[in-house]
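2 protein chains.
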Amino acid sequence: MLDEALVKKDIAKSEFEIAEDLLREQLIEVQEQLKSHRSKLIVVLEGLDRFAVRMVLNRLQQWFDPRYISIRVFQIKTSKKDLKGPFFQRFWRAMPANGTIGVYHRAWYSNVVLGQLDDGSELKLDHRIRVINQYEKVLYDDGAYILKFWLHQPKETLKKELKSADKDPEKYWWVSKKDDAMLKNYPEIVKISEKVISGTNTIEAPWVILDSTKERYRDLVIGNKLLESIRSIIQKEQEKGNRSQDSIITQETGPYIHGVTENVLDKVDLDQKLEKKEYKKELTSVLGELSKISGKAHRNGISQVYVFEGWDSAGKGGCIRRLVLGFDPFLYRVYPIAAPSDYENQFHYLWRFWTRIPPRGFVSIFDRSWYGRVLVERVEGFAKPHEWQRAYNEINTFESQLIEDGIVLHKYWLHVSKDEQLRRFKEREETPYKNFKITDDDYRNRSKWNEYKDAIQEMVMNTSTPEAPWNIIAANDKRFARIEVIKTAIKRTRNFLER
Amino acid sequence: MLDEALVKKDIAKSEFEIAEDLLREQLIEVQEQLKSHRSKLIVVLEGLDRFAVRMVLNRLQQWFDPRYISIRVFQIKTSKKDLKGPFFQRFWRAMPANGTIGVYHRAWYSNVVLGQLDDGSELKLDHRIRVINQYEKVLYDDGAYILKFWLHQPKETLKKELKSADKDPEKYWWVSKKDDAMLKNYPEIVKISEKVISGTNTIEAPWVILDSTKERYRDLVIGNKLLESIRSIIQKEQEKGNRSQDSIITQETGPYIHGVTENVLDKVDLDQKLEKKEYKKELTSVLGELSKISGKAHRNGISQVYVFEGWDSAGKGGCIRRLVLGFDPFLYRVYPIAAPSDYENQFHYLWRFWTRIPPRGFVSIFDRSWYGRVLVERVEGFAKPHEWQRAYNEINTFESQLIEDGIVLHKYWLHVSKDEQLRRFKEREETPYKNFKITDDDYRNRSKWNEYKDAIQEMVMNTSTPEAPWNIIAANDKRFARIEVIKTAIKRTRNFLER
Chain A
23 MLDEALVKKD IAKSEFEIAE DLLREQLIEV QEQLKSHRSK LIVVLEGLDR
73 FAVRMVLNRL QQWFDPRYIS IRVFQIKTSK KDLKGPFFQR FWRAMPANGT
123 IGVYHRAWYS NVVLGQLDDG SELKLDHRIR VINQYEKVLY DDGAYILKFW
173 LHQPKETLKK ELKSADKDPE KYWWVSKKDD AMLKNYPEIV KISEKVISGT
223 NTIEAPWVIL DSTKERYRDL VIGNKLLESI RSIIQKEQEK GNRSQDSIIT
273 QETGPYIHGV TENVLDKVDL DQKLEKKEYK KELTSVLGEL SKISGKAHRN
323 GISQVYVFEG WDSAGKGGCI RRLVLGFDPF LYRVYPIAAP SDYENQFHYL
373 WRFWTRIPPR GFVSIFDRSW YGRVLVERVE GFAKPHEWQR AYNEINTFES
423 QLIEDGIVLH KYWLHVSKDE QLRRFKEREE TPYKNFKITD DDYRNRSKWN
473 EYKDAIQEMV MNTSTPEAPW NIIAANDKRF ARIEVIKTAI KRTRNFLER
Chain B
23 MLDEALVKKD IAKSEFEIAE DLLREQLIEV QEQLKSHRSK LIVVLEGLDR
73 FAVRMVLNRL QQWFDPRYIS IRVFQIKTSK KDLKGPFFQR FWRAMPANGT
123 IGVYHRAWYS NVVLGQLDDG SELKLDHRIR VINQYEKVLY DDGAYILKFW
173 LHQPKETLKK ELKSADKDPE KYWWVSKKDD AMLKNYPEIV KISEKVISGT
223 NTIEAPWVIL DSTKERYRDL VIGNKLLESI RSIIQKEQEK GNRSQDSIIT
273 QETGPYIHGV TENVLDKVDL DQKLEKKEYK KELTSVLGEL SKISGKAHRN
323 GISQVYVFEG WDSAGKGGCI RRLVLGFDPF LYRVYPIAAP SDYENQFHYL
373 WRFWTRIPPR GFVSIFDRSW YGRVLVERVE GFAKPHEWQR AYNEINTFES
423 QLIEDGIVLH KYWLHVSKDE QLRRFKEREE TPYKNFKITD DDYRNRSKWN
473 EYKDAIQEMV MNTSTPEAPW NIIAANDKRF ARIEVIKTAI KRTRNFLER
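Protein sequences, first through last, are from chains A and B. Quick note: the first sequence uses the working numbering, first residue 23, plus one each step. Quick note: the second sequence uses the working numbering, first residue 23, plus one each step.
Chain A on its own, in the form it takes in the complex (with noise of 0.2 angstroms):
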């Protein structure tokens, strides 16, 4: 496959030079466009050939207003010790803001390839390119658009340059001893990048594969298919504001389990109640055991990453306060979970998540969290329905990588009865310093007891899984949901350690 991608001649310097110049000036244009359109393109470049990609970059940074791209070479992290968190966070955060290009080398790909040559099972492997290919969707369905370089190169060209390379002076510590051991490993590099390459050519984000050694021939088509993807993107743009003036709105449906009959939420038996002196008994300990085996997790470097959700006035805030006091004040962060703002605005809507999952062995405490999807965004329309249907299997993606990485995610929703919740409204209505937790939001919550009631259902249905279940806590007491919460945290760690 790679192979067959080689030709034969470069293009002349002199129609080189003619192209460039009416290349550069459509890139410009264009790049502005994107720019208004608040769209953002993803660039990802990879190839054994350091010197080709780094003259790609460079002519990149030349032909485009650098202000609006950003280009980012990562290190080779295979290894699990190397990175501090799961292994997509690093690329999350170097994620473009929107009506930007964001070009990447040696990220997801270089990854998977060099660390499927230290550990290669074909089952790795096709869960890697699995994984990957989650990564692309989650990314193509918020309106990125990505397009794929593989820049090749044949062995004996590689050879050759390394050899050169060693004596020109400009290049020759770009040589080191890993480039012996590349050699070596061509045949393989080869095999694993070719499966690798087609286990990953998705209509979402295509690759095209150039020979990296004709450099005018290889900058050229590189050019223009950038400029025609840039364009292809505008032109979706221009489409999707006109389809919404002119107020066609298609029924679109996502793949997620719907139509039962019980509500999981009815089951719960909100009598459970504790009186003050056992409560005070039982915290104590539990907090005790909380933070033996918090203390225990953090030394294993396993991380811990929570979940609150719950009505309103079920009691969050109150079950986290004493939650942290079984952890060290250095090991944990709360997250309160409000609207997006408009800088967070510029990036997926899970951006501000990925960002804030603790390094190993910490804990993050999301006071209201990616949930907002499917709840408050789906009721009150913040989010289509495509997207928030859609959202069930980013969130179990997303779920199923901090997972992998050895976090345990603990996830709770806080139920109180509909009587209950107008008892604490009133109480906080009439409390001086609760008075600001209190909002008209609440009461027109309140007044979608129902619809939100199906969201829960729905939600708890599609992203349950065996690893990441979700505690449905009896709120209507809150010593009870305290102690509850806490008990459930111990129990999850415990197990966690324990396997």
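Since the hints were derived computationally from the structure, they do not count as laboratory data. Keep in mind that a hint or two might mislead.
Note: identical chains are not told apart, hence a pair may lie in one copy or across any two.
Restricting the straight-line Cα-Cα distance to at most 27 angstroms, the calculated cross-link-like pairs of lysine-lysine (DSS-like) are [to be verified]:
#1 Lys30 <-> Lys177
#2 Lys31 <-> Lys177
#3 Lys318 <-> Lys182
#4 Lys103 <-> Lys318
#5 Lys189 <-> Lys299
Nothing here was measured: the structure is a model prediction, and the numbers come from that model.
We have chain A; now place chain B onto it with these hints.
Showing chain B alone in chain A's frame:
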């Protein structure tokens, strides 16, 4: 000093509860005002009493609207090798946005006190105190308010508490071998702490010392101090607002050096040139050298920061594209600096640079930089006189911290003549793909050539230091400038490596 802060009796519980209700109501109210004034409050909480600290942190989480308060507890990192970058970078990263409260525990104080314990010379302590004062002043001058609490616990109580914690299931794992060391070093820690406290008790950032063991007394004092200072922030902000409405302009001046006759730019020989052939030869040779030396710097964990400033169209981009050929692509990142975004404007103007200082061994290249403060912001009136005048000191402080951390700082001013600039403007206008590089702003700046020239002279005079001198590059000939930049980079890096 610390023991004098001890109190005999705690406040009665009933009294506390009444006071707390009122306090919470007021805190929520002033927090809302703080938010609407877009002011920020920085709260420092220090002390050995970990049980007290966590109670206070939890209290703050409960008293304030958690969406607008961010609590950060840092890990103690006293040695350079534990840190990936300059000492203050972690804290700059954690800076609260406008309208919010940032609470810091074990931040710049614990690290200094415990660092001093490790290698305690008086000289170092004085230096550390000075650096902290500079840091806090920079924040204060930008409109942040800083309040610092030191929770003091006498040795006997600490000992007793640690002992009892040993048996308390909720606390016992908090007790570690480090505590024995802490108890042993207690007198020394107190001695250093007292020096640090008195050395950093400034008008800009005053200390409050509190008995950590009287919890109700302690928390009420903290709450009331916070209330008081937020109120005074709001009052000051309102006064500021009134003043600007009344159009009373006060002429403030800062402590910067000015008034010289000969401009540095006039000393530059702009006729220096390189022929194409010679340029090509030279380029290959200097890039080879740069490759070698940048590889060595990387392996030695030496970072480099490049600042490119210059007249519009002086050729900064072209210089950068050649320079980077001397670095492995994963080593460097280029940051084109434009006017700050709304998001960036929520922070101190140095924030977007502090957060982009590379980790050890890597390279950051700024295409325009923090010097915008004393150039475009000064000349165009975006910064008030006292703001840009004080910036020289702020910049020197910032850069000295980079240098202290072992970073090689390269600063270039690319100088072209006014005629050459005009020629390039015309050329850009006539070349379609360069068109985007020329805007009305460029002509506006050009019309203020002499004002800029004065600003440049003062910038160079005030910020050229032996460790980070300005390099004025003759750039009428692009080839000459590019080679000159790379040669200077090599020389400075080599000198640094050979120190």
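Worksheet item: Looking at the structure, which of the earlier hints fail to hold?
Response: As far as the earlier hints go, not one is violated by this structure.
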